[in-house]
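Chains as they are written, first to last, in numbering that gives the first Met the number 0: chain A, 0 to 167; chain B, 0 to 167.
The hints are simulated quantities; they were obtained by calculation from the structure and are not laboratory data. Possibly wrong hints are sitting among the right ones.
[Stated by the list, open to error] Under the rule of at most 25 Å between Cα atoms (straight-line distance), these lysine-lysine pairs were calculated in the BS3-like manner:
no., chain 1, residue 1, chain 2, residue 2
1, B, Lys33, B, Lys161
2, A, Lys25, A, Lys161
3, A, Lys122, B, Lys161
4, A, Lys161, B, Lys124
5, A, Lys161, B, Lys127
6, B, Lys77, B, Lys124
7, B, Lys89, B, Lys33
8, B, Lys161, A, Lys127
9, A, Lys160, B, Lys33
10, A, Lys124, B, Lys161
11, B, Lys77, B, Lys122
12, B, Lys77, A, Lys124
13, B, Lys77, A, Lys160
14, B, Lys161, B, Lys13
15, A, Lys77, B, Lys160
16, B, Lys160, A, Lys124
17, A, Lys161, B, Lys122
18, B, Lys89, B, Lys13
19, B, Lys160, A, Lys160
20, B, Lys124, A, Lys13
21, A, Lys160, B, Lys13
22, B, Lys160, A, Lys127
23, A, Lys13, B, Lys160
24, B, Lys127, A, Lys160
25, A, Lys77, A, Lys161
26, A, Lys160, A, Lys25
27, B, Lys127, B, Lys77
28, B, Lys77, B, Lys94
29, B, Lys160, A, Lys122
30, A, Lys160, B, Lys122
31, B, Lys127, B, Lys13
32, B, Lys33, B, Lys160
33, B, Lys160, B, Lys89
34, B, Lys13, B, Lys94
35, B, Lys127, A, Lys13
36, B, Lys13, A, Lys127
37, B, Lys13, B, Lys77
Chain residues, written in single-letter form:
Number of protein chains: 2
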Amino acid sequence: MSFSMYSASAPVFKQILGGLSAIIDKAEAHAAEKKIEPDALLQARLYPDMFPFARQVQIACDFAKGSAARLGGIDVPKYDDTETTFADLKERIAKTLAFIASVPQDGIEASAGRDITTGSGEKTKQWKGQTYLIHYALPHFYFHATTAYDILRHNGVEIGKKDFVGSF
Amino acid sequence: MSFSMYSASAPVFKQILGGLSAIIDKAEAHAAEKKIEPDALLQARLYPDMFPFARQVQIACDFAKGSAARLGGIDVPKYDDTETTFADLKERIAKTLAFIASVPQDGIEASAGRDITTGSGEKTKQWKGQTYLIHYALPHFYFHATTAYDILRHNGVEIGKKDFVGSF
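The following block holds chain A by itself, in its conformation from the complex (with noise of 0.2 Å):
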């Protein structure tokens, strides 16, 4: 059985984002429920001068859709951040997950080897594929993804880890 760059990425992010997702319907439906106005949860942060929620979403999509586009070889899409509501974020999730499952499924597996770039100016950087995907791309995904997850947990929303980790 081999181990193959595909299986490590592209379905990790389906199955993550698949749960974040539906904890996004969660949120609503609490909002809802609770009468709470949605950009107390969308807007909300963990510290001052953190990322909130929405962000958080935005972001984790973001590193998903890079890592994914950097990994087959083609172009990061790029998305404009104008999400205000539940809605809206559910349908960027979607969009990214529509954009992972469009990326040549071969073009990812071979790209253990691939030279990839990314900042700009000072902040460049050179990785090989496998040490991007493990060393940067998955813990930035993570990060924003579990952050996010304890935003609306930090704020009420009946969640468990079981929804985090979501389906595959």
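Model the placement of chain B on the given structure of chain A, informed by the hints.
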């Protein structure tokens, strides 16, 4: 360039737990400087029915050691959860990393198709090594490591994503 079960597991745990250890140093220094009782951080939670910081660190360690052991085909060592100080938690991390380093690399390397069992009784689950690592061990590990970070950040410890991501 081949992609390997080993490189997708042991070095990742080392990177993220190393970051967490350095974060604990910052939390300890912060508590000392601001005359904060250590337990105010060690026992801090994001919500009353969530685990506190110290427990999040213990569980992150458990997912790391459990994954390395199961993938390596050896018994999972049992750690008592007796940590009550920052120093104890750093020791727990150090002990975890020493254990992971002791697991034969070729055992982990050959584990993509290994049969792995988690849980017991009704919660018993059967996995293949690759699926276990990608879809179970890493999501749970990152979940607890990030939540540990988020708890400290929420309590004003001056840390950033760079600290979380660590180095490798």
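Hint by hint, here is what the structure shows:
no. : hint                : verdict
1   : B/Lys33 x B/Lys161  : 23 Å, holds
2   : A/Lys25 x A/Lys161  : 13 Å, holds
3   : A/Lys122 x B/Lys161 : 13 Å, holds
4   : A/Lys161 x B/Lys124 : 15 Å, holds
5   : A/Lys161 x B/Lys127 : 20 Å, holds
6   : B/Lys77 x B/Lys124  : 20 Å, holds
7   : B/Lys89 x B/Lys33   : 21 Å, holds
8   : B/Lys161 x A/Lys127 : 20 Å, holds
9   : A/Lys160 x B/Lys33  : 33 Å, violated
10  : A/Lys124 x B/Lys161 : 15 Å, holds
11  : B/Lys77 x B/Lys122  : 19 Å, holds
12  : B/Lys77 x A/Lys124  : 40 Å, violated
13  : B/Lys77 x A/Lys160  : 23 Å, holds
14  : B/Lys161 x B/Lys13  : 15 Å, holds
15  : A/Lys77 x B/Lys160  : 23 Å, holds
16  : B/Lys160 x A/Lys124 : 17 Å, holds
17  : A/Lys161 x B/Lys122 : 13 Å, holds
18  : B/Lys89 x B/Lys13   : 13 Å, holds
19  : B/Lys160 x A/Lys160 : 22 Å, holds
20  : B/Lys124 x A/Lys13  : 21 Å, holds
21  : A/Lys160 x B/Lys13  : 23 Å, holds
22  : B/Lys160 x A/Lys127 : 22 Å, holds
23  : A/Lys13 x B/Lys160  : 23 Å, holds
24  : B/Lys127 x A/Lys160 : 22 Å, holds
25  : A/Lys77 x A/Lys161  : 31 Å, violated
26  : A/Lys160 x A/Lys25  : 13 Å, holds
27  : B/Lys127 x B/Lys77  : 23 Å, holds
28  : B/Lys77 x B/Lys94   : 12 Å, holds
29  : B/Lys160 x A/Lys122 : 15 Å, holds
30  : A/Lys160 x B/Lys122 : 15 Å, holds
31  : B/Lys127 x B/Lys13  : 23 Å, holds
32  : B/Lys33 x B/Lys160  : 22 Å, holds
33  : B/Lys160 x B/Lys89  : 19 Å, holds
34  : B/Lys13 x B/Lys94   : 12 Å, holds
35  : B/Lys127 x A/Lys13  : 19 Å, holds
36  : B/Lys13 x A/Lys127  : 19 Å, holds
37  : B/Lys13 x B/Lys77   : 19 Å, holds
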